[in-house]
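Chains as they are written, first to last, in the UniProt record's numbering: chain A, 1 to 340; chain B, 1 to 340; chain C, 1 to 340; chain D, 1 to 340; chain E, 1 to 340; chain F, 1 to 340.
It should be emphasised that the hints constitute simulated quantities derived from the structure, not laboratory data.
Incorrect hints may appear among the rest.
The list cannot tell twin chains apart, which means a pair is met if one copy fits it or any two copies do.
Distance condition first, Cα-Cα at most 30 angstroms in a straight line; then the derived DSSO-like pairs of lysine-lysine [what the hints assert, rightly or not]:
id, residue 1, residue 2
1, K173, K228
2, K213, K145
3, K145, K173
4, K173, K335
5, K3, K16
6, K3, K114
Remember, it's a predicted structure, so these values are computed and weren't measured experimentally.
6 protein chains.
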Amino acid sequence: MSKVRVVVVGCGSISKYRHIPEYAANKNVELVAFVDPVIERAEKYAELHGGKAFADFETMLAEVKPDAVSVCTPNALHAPMSIAAANAGAHVLVEKPMAVSDEEAEAMIEAAKKNGVHLMVGHNQRFMPPHVKAKQILQSGVLGKVLTFRTSFGHPGPDGWSVDGADSWFFRKEEAIMGAMGDLGVHKSDLIRWMLDDEVSEVAGFVGTLHKKGTEVDDNASCLLRMKSGAMGTLVASWTYYKGEDNSTILWCENGVMKIGTHPDDQVILELRNGTVEKHKVGAISTNDKQETSGVIDAFIESILTNTTPAVSGEDGRASLKVILCAFESQATGKFVSVN
Amino acid sequence: MSKVRVVVVGCGSISKYRHIPEYAANKNVELVAFVDPVIERAEKYAELHGGKAFADFETMLAEVKPDAVSVCTPNALHAPMSIAAANAGAHVLVEKPMAVSDEEAEAMIEAAKKNGVHLMVGHNQRFMPPHVKAKQILQSGVLGKVLTFRTSFGHPGPDGWSVDGADSWFFRKEEAIMGAMGDLGVHKSDLIRWMLDDEVSEVAGFVGTLHKKGTEVDDNASCLLRMKSGAMGTLVASWTYYKGEDNSTILWCENGVMKIGTHPDDQVILELRNGTVEKHKVGAISTNDKQETSGVIDAFIESILTNTTPAVSGEDGRASLKVILCAFESQATGKFVSVN
Amino acid sequence: MSKVRVVVVGCGSISKYRHIPEYAANKNVELVAFVDPVIERAEKYAELHGGKAFADFETMLAEVKPDAVSVCTPNALHAPMSIAAANAGAHVLVEKPMAVSDEEAEAMIEAAKKNGVHLMVGHNQRFMPPHVKAKQILQSGVLGKVLTFRTSFGHPGPDGWSVDGADSWFFRKEEAIMGAMGDLGVHKSDLIRWMLDDEVSEVAGFVGTLHKKGTEVDDNASCLLRMKSGAMGTLVASWTYYKGEDNSTILWCENGVMKIGTHPDDQVILELRNGTVEKHKVGAISTNDKQETSGVIDAFIESILTNTTPAVSGEDGRASLKVILCAFESQATGKFVSVN
Amino acid sequence: MSKVRVVVVGCGSISKYRHIPEYAANKNVELVAFVDPVIERAEKYAELHGGKAFADFETMLAEVKPDAVSVCTPNALHAPMSIAAANAGAHVLVEKPMAVSDEEAEAMIEAAKKNGVHLMVGHNQRFMPPHVKAKQILQSGVLGKVLTFRTSFGHPGPDGWSVDGADSWFFRKEEAIMGAMGDLGVHKSDLIRWMLDDEVSEVAGFVGTLHKKGTEVDDNASCLLRMKSGAMGTLVASWTYYKGEDNSTILWCENGVMKIGTHPDDQVILELRNGTVEKHKVGAISTNDKQETSGVIDAFIESILTNTTPAVSGEDGRASLKVILCAFESQATGKFVSVN
Amino acid sequence: MSKVRVVVVGCGSISKYRHIPEYAANKNVELVAFVDPVIERAEKYAELHGGKAFADFETMLAEVKPDAVSVCTPNALHAPMSIAAANAGAHVLVEKPMAVSDEEAEAMIEAAKKNGVHLMVGHNQRFMPPHVKAKQILQSGVLGKVLTFRTSFGHPGPDGWSVDGADSWFFRKEEAIMGAMGDLGVHKSDLIRWMLDDEVSEVAGFVGTLHKKGTEVDDNASCLLRMKSGAMGTLVASWTYYKGEDNSTILWCENGVMKIGTHPDDQVILELRNGTVEKHKVGAISTNDKQETSGVIDAFIESILTNTTPAVSGEDGRASLKVILCAFESQATGKFVSVN
Amino acid sequence: MSKVRVVVVGCGSISKYRHIPEYAANKNVELVAFVDPVIERAEKYAELHGGKAFADFETMLAEVKPDAVSVCTPNALHAPMSIAAANAGAHVLVEKPMAVSDEEAEAMIEAAKKNGVHLMVGHNQRFMPPHVKAKQILQSGVLGKVLTFRTSFGHPGPDGWSVDGADSWFFRKEEAIMGAMGDLGVHKSDLIRWMLDDEVSEVAGFVGTLHKKGTEVDDNASCLLRMKSGAMGTLVASWTYYKGEDNSTILWCENGVMKIGTHPDDQVILELRNGTVEKHKVGAISTNDKQETSGVIDAFIESILTNTTPAVSGEDGRASLKVILCAFESQATGKFVSVN
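Chain A extracted, bound-state conformation (with noise of 0.2 angstroms):
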């Protein structure tokens, strides 16, 4: 088969760390364009690799006709381009969160349905190695049930870690439309959807703008989250996270606890009622500051080479994004929400 032809839209750091270099490092891959409203980004790519720049979305679609679309632009703007590229024939990865409502998440599945193209978003928390193993240990069925768990994800905010610093689109409430939920909490309602294997029945949140200036995005939000099959927790995001940067989880079983992402040697380690402790070192967990190959593309490209549905499917997307969005729901109305 010839190469996929890929464009990559919007140039900031999570096509710089992620997309662009495991793109090039897909040999099933070309990049045939970079789009970014800043120009010079998208050109300094496309000498980098090949390919061309556009500044403006719309026009390197009719013009380059690319096979897939890498998503990686403000949330505000998933939606619509993914709808656009879908439209237009491509396949698409859209960053997380998927969309900013969840009528535009169903627009986008329709829309990658109606054109016959895979539409996947970048829930790269899947891929990680820790929660592979973790994944593995609980269908093993060595724990018993999940009785109640903690997963937290909290770093100093994207003020350190987007191009643009602290004049990042992440604060800009037209643009990013939420802050460290959209950014953090999406990933671990996925992800603990996804290592449950179970979905999210009930939802409570507090969601504030505690301590970043300027923004009315939230900084910080900590959620209770009642699962269909029991289980109960929390899921804390965080941008204020000064120090002691955070990407754990926490589950208490019926016969003991799995600890993931909080020992920096053993990042999975298990704790029997009978004794037995087994530690893990299975490979880093990826954080903003400290960038791990996420699997996210070739998984991607896979899905196109051998025409099945991607690792993280739009559904997966949507039940992932409903999470977050009742936690809104439910610091407006201040009632627990049922998630549909």
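Assemble the complex: chain A is given as a structure, and chains B, C, D, E and F must be docked to it using the hints.
Below, chains B, C, D, E and F without anything else, positioned relative to chain A:
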């Protein structure tokens, strides 16, 4: 001054491991009676420490006329016995939760005031050296404002702790009223109020019975707390941490993070944005499994001898209880609850 | 069902530390007699656990008619006593090595079959949690095929272990027949057969008396083993590891290495070519100096109660013994020996 | 004295990592030529260090008339080239194994003697600080007599080490003659002879090709060694330690144990029966993957300058080779082989 | 304000590693000249940072008329150059020891005062975070009174540090006047005065040249110090700590001990009588071998910009020098010496 | 030979923890009497070990006529009692300091010589395995010459050690004459003389009473020592190390450093300039708080049985005492003192 004549009411584990030995070690105390409906338990301590044994509380009050009583009975008896004792002119140390409703708590405070006796609540977390140290550090200002927090208390449940094992009153709804929340959650609502020198303003709570059999009381609760200062966080109480027992608190602040009770050797760890790390080894945090001298009894006796307000007053106990009661209300109504 | 009436024959250290206490702890067992030519030893246990004391085995058999016997006597008596017991209708648990020749072992199996009783051999290594875990991991396939291995068992010798110290039967050729090989080597031939689920096909052995004085039995043996699967490795048994005691096994496989019993905390360590490391803390490996509950007795009683083949059958014991006998033959002939 | 004019013959990895840089660092040496059938390799070093490049060994000998040569060619060429060099009046440093038969080794020694030149073999293990330290400790007598030992050398094979990768001469029977035994085993036979100051008297060897594809040379060998002193032990060479690489030696002695190369920080650990433990951090043991300065080249030049017997003489090399050859014979005949 | 025009006089190691880079990093500074009799050294920095190069100090003063000078010349030149600079209207930062006699120190202070310029001494120990932290802890009172102490500074000598190696002026009596005491001892007399906020009252000193060849300056000194407060302790300076380099201070106090610079990770360790242990990781203590930003230059520039007394005044430097001079006097007279 | 008939004089802590149990464990000894003015103490041991109890020393001498006595009385009695015992024909083991003046020490040596009895001094530091090991290493020459050293001994004072607590004779000037110097300092002057095989030539000492109340004896001393070999160092004795107890010695030598008693696991650590590090775990150094078998008693009995000079002779004790006396003289005169 002559010795304070004390009676211990209820001869279960908390009396066995803390009240009785700590009274016995206080040279200003004379243990004059022990009360328990299982009279053999009372008699065992009377034999050991002197004093009389009673099966009936009222009989004891009339006969002994104690200077002070420790109320260590099931939760539902805390208020009536405390009020009766106060009316009999005795100072009262009542175990947590001080009562099972806010009305009861209010009545207890009134009864003490009316009778000119001291009322203290057994919130021992405040006396543990790691918590004392953490509060000092917070007050020093080095961390700046607390932004978010996580406080949790989990163990395998009272099955292994109570003198009656799985048949304990802890599991009988009519005597206990509440489960893990009354046993553990109220410790943490008290701790977070005291440590942050702040009040809880709003609560959301998921409270449920996930795993213990044959009981209607809660074995797990996950709560969101918003403080008057704006800080927010999670409070978790669990009787199903079958491994990974936990009595820890983490505070993420403007200048760094403070971890309390997360490491067996260094009970307070301070990590600042500027790279500074401080590790404080100040003595273990007590758990049900590993009892440390609480300091509660000495503080109670001190308040009697010096006629000063006890270190944990009735008002303190009431405010900490209210947080827990709000969590139950939140679960019942599906709404956030303001702590008036 | 009524209790299994058990007699322990030979009241030395293995009876003292493992057979007697484990029978005593098994609620389906009644200890009905103890046999030892030094009658005081038998009497001590009879006093402790009830039952009668005998100096003579045949007298006991005739008088007691036990349901089952544990044969814990010097090696040379294993076969004759086991056969006599089987002929008397008793199930037999015999210590390792089950016999001192293949003919004896065959006769024991025959006797058990003829009399319809169970014959089990005390190869306790199979029951130790680290070995159980290691076998599970091997069977999971994660390591691929075993290529080479090293298994060894060494301690300072029975001088410090036997109730008779340096005067022990362990050093008397006519009673022990073999030394370190019968004491330790046969444990490892059994372990490697069982763990790899493979049979030894060829053996070379250097066996000698290097350091113990006044004895003709071997105090050291180093062997080469070739397995039916093609894997090959070394098996070492030593009574002269005066420091650096060792009961470890390392398997080098297609995908990495598994180290069993090489680290005091993590008894099974898995290191894969892909960088993954797993550390399993599953309970200590028992040594002569530090006895753990063996599980052997419970398995023996289980086989009687359920009338199923014992976990370590006479055939198992015979095959493991044959490896050791081949090593002696190799030493004697200067040739490699095929394990027919 | 003027500088020693040296030629390096064979420009593969051992020349690249050890011979050439160590000659270049020795101020008494002038590198006057490099020889390799792949002339570009020779030219590269000639350019770097001065001197001429040759594709043909004989031409070089005739033209350059070197003072000394390093023979770093495939095993089968060691003897003929060394003899030719000696006959041309050059001192010879030959890599291990010095030859592929005892006759060759004998002829090399003869040639050197006849021509009055020095012949040294590249057994670098003797120069590594941990081995030097271990020998000192043995000689001090603190351990008493060595009773048993284990020495092994395993790594993932020359596929990853040789300049030609999997196409290396190491895998071609006609050039290499032997595999892991010639590459690694002969290192350990030399080490154990030298460290114990003892000679091997009898050998049993299992030698085979267990896992490497497309080669007839051995990738694994497990041997039993009996020493003249009576000590016995195992020697293992492996090209299939895909993890758990190992170049370690353990000596169990009358007074305790000495572990060499078993711990990354403390390369020599002494544990005595009296409880004393000594840990010696004396510098890493070199492996193929992590090269340390060998000391071999300096010792060779020293022997030339001072006209003294080299630190590893031809006789040493021959005796160490003979052990390996006996292992091959043992495998071929199924018998133990006496080393006389 | 316009930039401070600075000249660095003496272009040896202290200028290279600390003064020049720290001035270059201070945005309020313009480096206008470099002075060194070896003009190439001065020229190198002029090329790198702009400004002129001079071989002669007087010529520079006349020509450049700097705002400030750093005097980094051999000890004997500290006073005359500082005085000349002050008389030329320049602020002065002089390296330690500020002078080689008390009279010189006094004259320097006078010259600065007369000319209205600031005089600062380069006692960088005061700025190191572990020392700052230790002083804070002492001042908090938690340790009570200091009773005894030990402070030492040892390394292998300036042979390895100076740009001139073993030919350094450090070893030439007429330029250095003092050896280890002027290089290291005066650092510790300043540190102990500052940290304890106390003055030395009496000194006994053994000062000698124990190991360095071809020099008359001291390479070792061991001193006893008695403080005005009554505390007493030892001060050691050494150029012959060939291993075990050390810049540590331990204070034994009424309530426990504080160890500063004794552990590589935790630079300040507090151990109290009540069992409390605090470990502070606050940044490494600088040694000659491992330079950290000193803070000295920024403090000097700050004092100029704000016209405030420098953090280490001439009076400070004089008092710290006097302790050292008393030690020399003690050695010379065989008597204890009162520090006036 | 018949048993040595020994009397222990003074039944305080040193007798309780070391002399009496070590005599009792020595099979060549018969304990025939115990002497203490508090007769109950003597009687307690007489009851325990046989022999008679005396309140009066002279009465005992006359009545018992012992072969040997251990003098464990307050310092001021060491000389008169030792001389009396010698005159009565008894061998003498006297605790340190052997006397309180050089004249007394000389007289003791004379008395022993005149009466043909052995005189030994209880300098137990020499027998501790770490010190023995350190001396061996020094003597091996690997470190070269000792240049400087630091030796110190500090604990919280005899308040917690003596049978009489704070009322101990240790604090009474007339009985103790010296404080920390006699208790601890003399141990270290003896150790440094013995370990370096060198004599002290010059002493400066700051001796004072810094913190103990109600006593005139010294609780702290810091000394400078210059050795005949030219080495110099500090010796510190303290009764106010309330934490950070210390009995350590560090030697900085030509080739590296040796640290003795600085690490709880590795009592002797050798770090050489060439990077070599040796850690020796050879058994703990005894402190007042943690008593190890001293070896002193066995050595004393050995000297009697073999009629050889004791391991620590009177001359040794006198020389070690003289160092301490010189420190007192130095403090008194404000001058360095030559050790004649």
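Go through the numbered hints given earlier and state which of them the structure violates, listing their numbers in rising order. none
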